[in-house]
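6 is the number of the first residue of the sequence shown in our numbering; add one for each residue after it.
Derived by calculation from the structure, the hints in this document are not laboratory data.
Some clues are possibly wrong.
For lysine to any residue, the following SDA-like pairs were computed, each having C-alpha atoms within a straight-line distance of at most 20 Å [to be verified]:
1. K30 to R319
2. K323 to I19
3. K288 to G220
4. K30 to R314
5. K288 to T36
6. K30 to D66
7. K288 to R246
8. K323 to V7
9. K30 to P98
10. K288 to D66
11. K30 to R126
12. K288 to H275
All of these numbers come straight from a predicted model, not from anything done at the bench.
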Amino acid sequence: MVRILTRSDVRSLISMDEVIDAVQKAHEDLTLGRADQPERHAARTPGTDAHLIPMTAALADGQAGGVKLLADVPANPARELPRQQSTIVLVNPENGVCEAFLDGGAITQYRTAAASAVATRCLARPDAHVLGLIGAGAQARSHLAAIAQVRPIDRVLVWSRTEASARAFRDAVADSGLNIELAGSPEQVVRGSDVLCTLTPAATPVVSGRWFGEGLHVNAVGAPPRRDHREIDSEGIARARVVVDSLDTALAESGAVSIALEEGAITVDHVRDELGEVLTGAKPGRRDDAQITLFNSVGVPIQDIATARILVDRARDKGIGIEISLPE
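Make a model of the complete structure from these sequences and hints.
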């Protein structure tokens, strides 16, 4: 039987601390050769500016395999739909049987923040306590929840293009007990932060590297997987020690990396370090308290499949979701 989990099902089952641990193990297993994640290619849909991106991964020890189909549709916000939508198919790799279909929206939100938390745990200063958020949407809320689990956050600076969005974020997290401050500009957020998360679908930079202070850790998250979109300028990429979630993915789909390379601000060697290599000790973490570090997060399917595995097991135990038989 195939289990179908809706977005509300996923939200009722998911736990940030579990996702953080699952994402970390998935990256470690990938680096150690225990899991697999082939290179992906986007399909451009004729007559539109949409991209369809199939993302395949297989977990260690035959736990699960699957595909996430991501649709990046720039025209959707005008239709009052999310720019990015996704669906995940989970498969038993031992027999090829489909186990589940899951809405990918909430999974993407959690696993993206979890990856930032994993990177923050191994790259940010241990005493980092001020979190900066550029963008105030759903990812801002999930990143606050995730980063607060790995660093002693007590103050949050947030900026959004609209003050209403920033105020809505502050109201949504009012019970966190943290000092939430609305900033007047991205520069104010960057200069005042120990850990910075950029969470906007920007096509052109909203953050300048000249604002980076000593010891800053950046999670560059929001830009869509397109080579002409970036939130952080080339100076920011060049000034930071960069760690990527996947080198192949960063070179193919990260505008921050691609444009910095095209402008001659960096070479490929500047972005060769992958998160899994840092986690397993194959590459070093933070060098010292003054170093600027940056995690370039495009998003990879090993994170989605690891999260989906947890959810499907829990849904089965709790009897949540709809079961259907596809062969009938």
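Taking the hints in turn, this is what the structure says about them:
Simply put, K30 and R319 have alpha-carbon atoms about 19 Å apart, close enough for the 20 Å limit, and the pair holds. The hinted pair formed by K323 and I19 meets the criterion: a straight-line CA distance of about 13 Å does not exceed 20 Å. For the suggested pair K288 and G220, the alpha carbons sit about 19 Å apart, so the restraint of at most 20 Å is met. Distance check on the hinted pair: K30 and R314 sit about 13 Å apart at the alpha-carbon level, within 20 Å; holds.
Restraint check for K288 and T36: satisfied, since their Cα atoms lie roughly 11 Å apart, inside the 20 Å limit. With a C-alpha separation of about 12 Å, the suggested pairing of K30 with D66 holds against the 20 Å cut-off. Distance hint between K288 and R246 is fulfilled; the C-alpha atoms sit about 12 Å from each other, no more than 20 Å. As the CA atoms of K323 and V7 are separated by approximately 15 Å, the hinted pair is consistent with the 20 Å bound.
Distance restraint check for K30 and P98: the Cα-Cα separation of roughly 19 Å lies within the 20 Å cut-off, and the hinted pair is therefore satisfied. Taken as a hint, the K288 and D66 pair is broken in the structure, with Cα atoms around 25 Å apart against an allowance of 20 Å. The suggested pairing of K30 with R126 holds, with an alpha-carbon distance near 14 Å, which does not exceed 20 Å. Between K288 and H275 the CA atoms are separated by roughly 13 Å; this keeps the pair inside 20 Å, and the hint holds.
The structure fails hint 10 only (numbered hints given earlier).
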